[in-house]
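Enquirer: Sequence:
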Amino acid sequence: FIGVQFHPEFKSRPLSPHPLFSSFIKAAKSFNGK
Numbered sequence: 017f018i019g020v021q022f023h024p025e026f027k028s029r030p031l032s033p034h035p036l037f038s039s040f041i042k043a044a045k046s047f048n049g050k
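Adding 16 to a residue's 1-based position in the sequence shown gives its number in my numbering.
Hints may be right or wrong, so weigh each one.
[Claimed, not checked] Label pairs and their calculated CB-CB ranges: (1) 22 - 42: 16 to 24 Å; (2) 19 - 42: 24 to 32 Å; (3) 49 - 26: 25 to 33 Å; (4) 47 - 20: 24 to 32 Å; (5) 21 - 49: 28 to 36 Å; (6) 47 - 19: 26 to 34 Å; (7) 45 - 24: 25 to 33 Å; (8) 23 - 49: 16 to 24 Å; (9) 17 - 46: 27 to 35 Å; (10) 22 - 49: 25 to 33 Å; (11) 43 - 22: 28 to 36 Å; (12) 24 - 47: 28 to 36 Å.
[As the list claims (entries may be wrong)] Below, in silico cross-link-like pairs of lysine to any residue (SDA-like), each with a Cα-Cα straight-line distance of 20 Å or less: (13) 27 - 17; (14) 45 - 35; (15) 45 - 34; (16) 27 - 49.
Since the hints were derived computationally from the structure, they do not count as laboratory data. Remember, it's a predicted structure, so these values are computed and weren't measured experimentally. Where a beta carbon is used, it is the ideal one built from N, C-alpha and C, also for glycine.
All chains should be built: construct the whole structure from the sequences, respecting the hints.
Expert: So this is what it looks like as structure tokens:
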């Protein structure tokens, strides 16, 4: 889970996600391979 004090989902679009979401997915993918 990620806890933040703002709503990054309001700034996200399907082809342009908020950097918080794209960084989270990238970290999850790299963690899954270990």
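Enquirer: Could you tell me whether the CB distance from residue 47 to residue 19 stays inside 26 to 34 Å?
Expert: violated (18 Å)
Enquirer: For the pair supplied as a hint, residue 45 and residue 34, is the alpha-carbon distance within the 20 Å limit?
Expert: holds (17 Å)
Enquirer: Falls inside 28 to 36 Å, the C-beta gap from residue 24 to residue 47?
Expert: violated (20 Å)
Enquirer: For the hint 16 to 24 Å, verify it against the beta carbon of residue 23 and that of residue 49.
Expert: violated (30 Å)
Enquirer: Given the range 25 to 33 Å, decide if the beta-carbon distance of residue 22 to residue 49 lies inside it.
Expert: holds (30 Å)
Enquirer: Verify the CB-CB distance for residue 21 and residue 49 against the hinted window 28 to 36 Å.
Expert: holds (31 Å)
Enquirer: Does the Cβ distance between residue 19 and residue 42 fall inside 24 to 32 Å?
Expert: 19 Å Cβ-Cβ, so the 24 to 32 Å window is violated.
Enquirer: Within 25 to 33 Å: is that where the Cβ-Cβ distance between residue 49 and residue 26 falls?
Expert: With a Cβ separation near 31 Å, residue 49 and residue 26 satisfy 25 to 33 Å, so the hint holds.
Enquirer: Can the suggested window of 28 to 36 Å be confirmed for the beta-carbon pair residue 43 and residue 22?
Expert: violated (19 Å)
Enquirer: Run the distance test for residue 27 versus residue 17: straight-line Cα separation, threshold 20 Å.
Expert: With a Cα-Cα distance of about 19 Å, the restraint between residue 27 and residue 17 holds, given a limit of 20 Å.
Enquirer: Is 16 to 24 Å a correct range for the gap between the Cβ atoms of residue 22 and residue 42?
Expert: Between residue 22 and residue 42, where Cβ atoms are some 20 Å apart, the hint holds.
Enquirer: Hey, residue 27 versus residue 49, does the alpha-carbon distance stay inside 20 Å?
Expert: violated (29 Å)
Consistency note: the structure conflicts with the earlier hints numbered 2, 4, 6, 7, 8, 9, 11, 12 and 16.
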